[in-house]
Amino acid sequence: MNKESIQLHVNGVRHEIEIPPSKTLLEALREDLRLTGTKCGCDDSSCGCCTVLVDGVPMLSCVMLAASYPDASITTIEGVAQGEQLDPLQEGFCVEGGAQCGFCTPGIILTAKALLDRNPKPTREEIAQAISGNLCRCTGYTQIYASIEYAIKKLRTTPVAAASGGR
Amino acid sequence: MSMPSFALVRPRAVDEALEHLARHGAEAMLVAGGTDVVPNLRAGLFSPRVVVDLKGLGDLSGITFDRERGLEIGALATLTAVAESQLVRQHYPVLAQAAGTVASPVLRNMGTLGGNLCLETRCRWYNQSYFWRQSCGFCLKKDGTVCHVAPGGKRCWAVWSGDTAGALLALDAEIEIAGPAGRRRLSLTDFYKNDGVDRIHLGRGEILTRILVPATMAGYRGTYHKLRIRNSIDYPLAGVALVVKVEDGVCRDARLGLVAVNPAPVLVREVESLLVGQRFTPELTEAVVQAVVRTGKPLTTSMSTPEYRREMLRVFSRRALRELWRENGSH
Amino acid sequence: MAQFSVVGQRLPMVDAREKVTGAGVYTDDLVLPGMLVGRILHSPHPHARIHSIDATKAAALPGIVAVITGKDFPNRYGILPIGHDETALAVEKARYVGDNVAAVAAVSDQAAVQALDLIEVDYELLPAFFDPNETMKAESNWIHDDKPHNIEKEYHHHFGNVEEGFAQADAIREDHFFCPGVTHVAMEPHSTLAHVEDNGRLIVWSSTQVPYYLQRTLSNVLGLPMDRVRVIKPLVGGGFGGKSEVIPLEVIAACLARAAGRPVKITYTRDEVFYAHRGRPVQVIDLKMGVRRDGKITAVEARIVQDGGAYCGYGPVTLLYSGALLGAMYDIRNMKFDGYRVLTNRPACGAMRGHGTVNTRFAFESQLDMLAHAVGIDPVEIREVNLLKPPCITVNQLRVTSYGYPECLRQVKAKSGWKEKKGKLPFGKGVGVAGSHYVSGAANAIVRSGTPHTTIDIKANPDGTVTIFTGASEIGQGSDTMQVQLVAEELCLHPRRVKLVAADTDRTPVDLGSYSSRVTFMAGNACLQAARNLKSTIFSVVARRWNVSPDQLEMRDERVVLCDDSGWSMSFEEAAKCAIDHLGEVVATGSYSPPQEAQGGKFRGAGVGPSPAYSYSAQVAEVTVDTETGQVTVDRITVAHDCGRALNLMAVEGQVQGSVWMGLGQAVQEEMIWSQGLLMNPSMLEYKSASTLESPEIDTIIVESVDPEGPLGAKEAGEGSLAAIIPAVANAIYDAVGVRLTSTPFTPEKILKALREQQKKVAQRNGGSER
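Residue numbers (this note's numbering), protein chains in the order written: chain A, 1 to 167; chain B, 1 to 331; chain C, 1 to 771.
None of these hints come from the bench; they were simulated from the model. Among the hints, erroneous ones may be present.
Claimed, not checked - Straight-line distance between alpha carbons at most 25 Å, and here's what the computed PhoX-like set of lysine-lysine pairs gives:
no., chain 1, residue 1, chain 2, residue 2
1, B, Lys-142, B, Lys-193
2, C, Lys-753, B, Lys-297
3, C, Lys-761, C, Lys-750
4, B, Lys-297, C, Lys-750
5, C, Lys-296, C, Lys-389
6, C, Lys-137, C, Lys-147
Based on the sequences and whatever the hints tell you, model everything.
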């Protein structure tokens, strides 16, 4: 199989990897960059587990060809915390029980992050709409809402943390 | 699960993309957002040698509106962009609404309007893994000879499952296609073939570049009703898009598009003649409903039964008319 | 509650941080040097004899390291000792579309897939069976030769005297219920990494709920002594029962690793997860119930046929749960159960959240609602009329020690506004009530032996921390956190001082696994016992040092304190060090075996159903039915769950909400759709697991009945609330529009059809009266 050298810009780091052009971003992240926080839950782009941010926009890495995104800034779950300091969303998912088995968690946190970057005070209805492409099989979503709302509250009360949003 | 291997080219301009298409012919396949193509590649439904990635054609993602020229949308505009565009929402609300129902938010961030208009047709005997299709002896549409939906027939009934085409048919949209001989314009109604296999009039060497909606349709009331099991993620199981122009309770113009019930999105042409010049009556509504179910012919292509989908065509048509005309039309 | 410091809090899960940062490791995240990709060739036929398999072309393909077939590993296995009917790969026959026929290990996924296509299998097609009633009539071509007429097992139980009971009834109903199969759809597809070390020892990482049973099975299939097999459970991305028995890929990966001499990882594609299935079976239920005018149930009689698919799996257990828990949450003196577990040529069914109880609960609680209307009693009240009076033993000999169901009913009635709503909402809107219950672990182990169901070791470390060594399997339900909390509570330590090593058969004692909601009750009790033993070991050393009696010592706020007015105390760290200095190592053990009294009756099949304690749930669903589309929208759910004691309120609420939500999926939109032997919806796209937009708010009330034997009074929380939502929604639909749905899911199409039939009847009635 022909491999090509491609560039990926992930979590602020530039990588150059040799992969076949048919490789998805999901596979490249997991296999070549060993960023395994991005999960594969289905084969038909229906579950949302593989969500990453591409220039701040949530997308499914399982339908993205890695070689198609040399110029994009990609954020995976590994790039959400600031060093040891968890993002308010990550903290919310710990404190409010949004992560049970944890498999959908990275995708939902990233989707929620993009939402809060655009709309810091979403209603529960807006949250439900925004994460409606990310399936969870454990929680019934109630504690996921609570987790995201924890972050909303925290971001509102600590303006410094809010400034770290964006891409 | 990994995909079959292919080469990837990423042209920067339409002409460059056309060159690739010309060079590779039937072995090339276009990909824009990838939300339809990539899962299909993974399922082994296509095995191109070269995939032409259109995402680099940056000038094809704009959305502009002009009182004279109407709406112009680049084929690469994402469905999110279309759904959220103030211009679209203001002047052609039915399109924003339809675009906003496609799949899920994260898929709309990737999927493009052009891609949605060129969607591969779908069928429960077709959109399955290679192993699965092998287990049923394949089907007429791919690798086999039998249609499991209409056994004995020689025609593929895979269903048109895009949301936006119904709205755009109702809005009398045109599309611009770039090809080796330059650019041509085509009414969207002429784009579709009503054939599950060979679904659109897009030549091997051509690319859909722009979607154009006439200025005359701006300001029409519109609504899109979609049948699906989940309110997110799912493809439509039936869809009714209606636009009307009503003055003092009298219908001045009306167009109704159907999706997800035939191998093509279809315009129910009788609706215009039935409604124009008329005031709302329940009888008229029933006449429209009859026209709709004469046109929409759902078969056993999806998980919901044809009977129920046909019934929903009735309900949706009635509701759409009530919503746009009776309740709002009189004031 | 003031009496506890750690227990009862909303403590974050101990593994939450790694889950939110992406650092947590699931099986598919693991890579070993030289690791190969394993892939399985599945049967495209539902029932076929395999005459020969020619894998020479596949084996010759570049990049292929091993190809194996059924003959290479013929030892039979199965989760139940009475059901060893599976082999690593099909030996003589393939029994469902998706059955495992051959497997390859390759250097790349592409090579493996290519190789599968080159394996030539000579199949002889056999007549296949798909209908649970029809399959029992089969005279030949049985799916397993030793199961005549494709009947895996049948049970006939009769308690009291139903004939006499029905004779006392003022109203009797007989109804037919049907539930299609549903499946777990854990977000993590199954994955197994197997490696045979140089010394011949097999080490397996797998997405399993039952590491210990997997170890046993691998030892059996590969002919290795137990100690030559090590099973490690990394993080598991959800189980719901789908990983609670040995799944084909686990065995196949191990066989491939041995054949290839290199590590092999198999991760199922999503459609393979659907073929592996082991979910809730298709169930056909004929239910008859009688009540007196005052609502008292006089007799219940059920005939239940379960379509178990092509292999035994947990089958007989699923069936027995259906019978055993059918009437056991109420005081019913006359009960009859005829159950059949039959084989068909579809993927094997197994345990799924609410194992065995869900479909029968739907039937029972629906019929009770019908009878309430028949005798003119409020549906909440008819349940109250039939309550048990614990402590008691049910007619089928289940011991009930704590019973929060009355309180659950009372609370959901109050919180949901039942009185204001029932029968009073406008047409199209309605409320429905129902109850359910579940075991807190099976009182009898799958493999009967004297071994405790759980054993826990706790080791004191010189730095003042302790480490729990537990075989219990965290699968997202919070069992690691539960154990940490109980040990911290008992030792009066901050939870951060409690570390945990779990689910590694080399390093942790035996625990039977995460199934039948057993972990809180059993591992929890073992943790408390181990912690008490650890404390007493440490106290004995400290007491000697202080020259006092150990029973004068206690732990308070991370210190060992002498209970007099001396004011003597010692930090736990110091005490632990002191004990370690004295004893070399300070390890204490605790274990749990269910008491004899909880183990149930002596009749055939009595082993399933008994539990040391039962959880209870009551729910009210409020729905809107669109009478034009038939669409039912569940607007609000109020649930009250009796978990004995909430050790972690957040985790309990999460478990209850997750259960209700999963039940709601089965109620309104989930089902496995078949065309003969072909599963038509083996994908996340077409199997309709609900998105946020179909998921209502679940108002959750926790009831604490404080079980006398539960760890600090706790019982299960993760399954008992699943079943009730299905009949609650059915009953609410009836309240809303007057139609009764007797098959799941309550699709718009079914509701519309029922509404049309109702209109027709009304029209006929009106027409008749005019004449």
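The hints, checked one at a time:
| no. | hint | verdict |
| --- | --- | --- |
| 1 | B:Lys-142 <-> B:Lys-193 | holds, 18 Å |
| 2 | C:Lys-753 <-> B:Lys-297 | holds, 20 Å |
| 3 | C:Lys-761 <-> C:Lys-750 | holds, 17 Å |
| 4 | B:Lys-297 <-> C:Lys-750 | holds, 21 Å |
| 5 | C:Lys-296 <-> C:Lys-389 | holds, 14 Å |
| 6 | C:Lys-137 <-> C:Lys-147 | holds, 12 Å |
The structure agrees with every numbered hint stated previously.
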